[in-house]
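Sequence lines, in order, name chains A and B. Counted the way the working numbering counts, the first sequence spans residues 1 to 114. Counted the way the working numbering counts, the second sequence spans residues 1 to 114.
Check before you lean on any hint, since a few could be wrong.
[Stated by the list, open to error] Some, not all, of what chain B presents toward chain A, calculated at C-beta under 10 Å: (1) Asn-10; (2) Glu-14; (3) Gln-41; (4) Leu-43; (5) Phe-45; (6) Tyr-48; (7) Gly-51; (8) Phe-65; (9) Ala-93; (10) Tyr-104.
Everything labelled a hint here was simulated from the structure, so no lab data went into it. Quick caveat: nothing in here was measured; it's all calculated off a predicted structure. Each residue gets a CB set at the ideal place from its N, CA and C atoms; glycine is no exception.
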Amino acid sequence: AQSVSQHNHHVILSEAASLELGCNYSYGGTVNLFWYVQYPGQHLQLLLKYFSGDPLVKGIKGFEAEFIKSKFSFNLRKPSVQWSDTAEYFCAVNGGSSASKIIFGSGTRLSIRP
Amino acid sequence: GAGVSQSPSNKVTEKGKDVELRCDPISGHTALYWYRQRLGQGLEFLIYFQGNSAPDKSGLPSDRFSAERTGESVSTLTIQRTQQEDSAVYLCASSLFEGGETQYFGPGTRLLVL
Chain A
1 AQSVSQHNHH
11 VILSEAASLE
21 LGCNYSYGGT
31 VNLFWYVQYP
41 GQHLQLLLKY
51 FSGDPLVKGI
61 KGFEAEFIKS
71 KFSFNLRKPS
81 VQWSDTAEYF
91 CAVNGGSSAS
101 KIIFGSGTRL
111 SIRP
Chain B
1 GAGVSQSPSN
11 KVTEKGKDVE
21 LRCDPISGHT
31 ALYWYRQRLG
41 QGLEFLIYFQ
51 GNSAPDKSGL
61 PSDRFSAERT
71 GESVSTLTIQ
81 RTQQEDSAVY
91 LCASSLFEGG
101 ETQYFGPGTR
111 LLVL
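With the rest of the complex left out, here is chain B (with noise of 0.2 Å):
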């Protein structure tokens, strides 16, 4: 596709609930990037990947939050046992490649819980 995909747009679940978000970074960028945005605030930087590897966790808040990417192209981000606190924008940009590349932004997933 032209550009950074993710789905859901929005979910809705209750706490205790796993979610998994996802997403289609453009094709052939090496580097995908997750971040929260809470409401009113700025980007958090949750997980970076070179690949499929990750080199840098240390955004991931708890362990209840993991990520993975396979065929170096679609990330999963895979939240279990939600909690209220959870509830933000997650959202995912690719670059061409890791450092200081110009990175592409997606929709994000909003991520309601209850």
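Next comes chain A alone, as it looks inside the complex (with noise of 0.2 Å):
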């Protein structure tokens, strides 16, 4: 069975810090990839997604995420995080046998310091 592991479950970081949220799956197959983003009191949103092709995809608010085949990981980045990038990260994955339906790591709850 498809699954999703995120090792961070909370990140605290200083403003203009980089930042790097780790995801790795583990089916072998294709798969898309995304990341969701979770503001504090608002719904959980797309950030970026990975299909195919460049294996480096830009998403918004300047992240970004590197999808290594050979490591089964969907890296998330960002060279300067700002207060307001506090919020909790999910890295989502579906592919073969589930393709319809998105299996969710359990998130990262990411903590900016001002």
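Once you've looked at the hints, go ahead and assemble the two chains, each given alone in its own frame, into the complex.
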């Protein structure tokens, strides 16, 4: 069965620090990969997604993620975080036998110190 | 409407009672998903609809849980004989098509079973 692992449960950074949130998935076939974000008091919303092509994907608000097939990873990065990036971040994957549903990781809570 | 809406936003019920949660997807979206998010945990897939059919019910935790969708629009998630472990936020999402399409999430229904 597919699974998604986010190893960092809570990350605390100062403003302007660089960010990398880890995401690993278990499925070996063709996959679609997503990062969703939930800002405090708001709905979950899509940050970026990878379907095919360039493995380096640019998203909103300066975020990017790199798909490394050999490592089954899709880590989220941002060179310089802002206080407004405080949120919960979810990695998700779909593909293969689970093509009709998206499996989410347990989430990483990001807290930015002003 | 412009986005996915869910009602009620909050529901407090007594153990053993039945509850019904409603989701209004974005107009024209054929796929609809229900997730559960327990406190401090990730999203747990419950069920997905393509049109009015539910090809994947694999995530429903027990036979106390059921869902239906009518008119390729509104969906209701029913929990019978609620238990305290059912307390969670129930999220609904819709997408234009099934599979790897971007999912748009509603605000969720926060259910508390006393």
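Tested hints:
1. Asn-10: violated, 14 Å
2. Glu-14: violated, 28 Å
3. Gln-41: holds, 6 Å
4. Leu-43: With Cβ-Cβ at 4 Å, under 10 Å, it holds.
5. Phe-45: It holds, given that the least Cβ distance between B:Phe-45 and chain A is near 5 Å, below 10 Å.
6. Tyr-48: holds, 5 Å
7. Gly-51: Given a least distance of 12 Å, the restraint on B:Gly-51 is violated.
8. Phe-65: violated, 16 Å
9. Ala-93: holds, 8 Å
10. Tyr-104: holds, 8 Å
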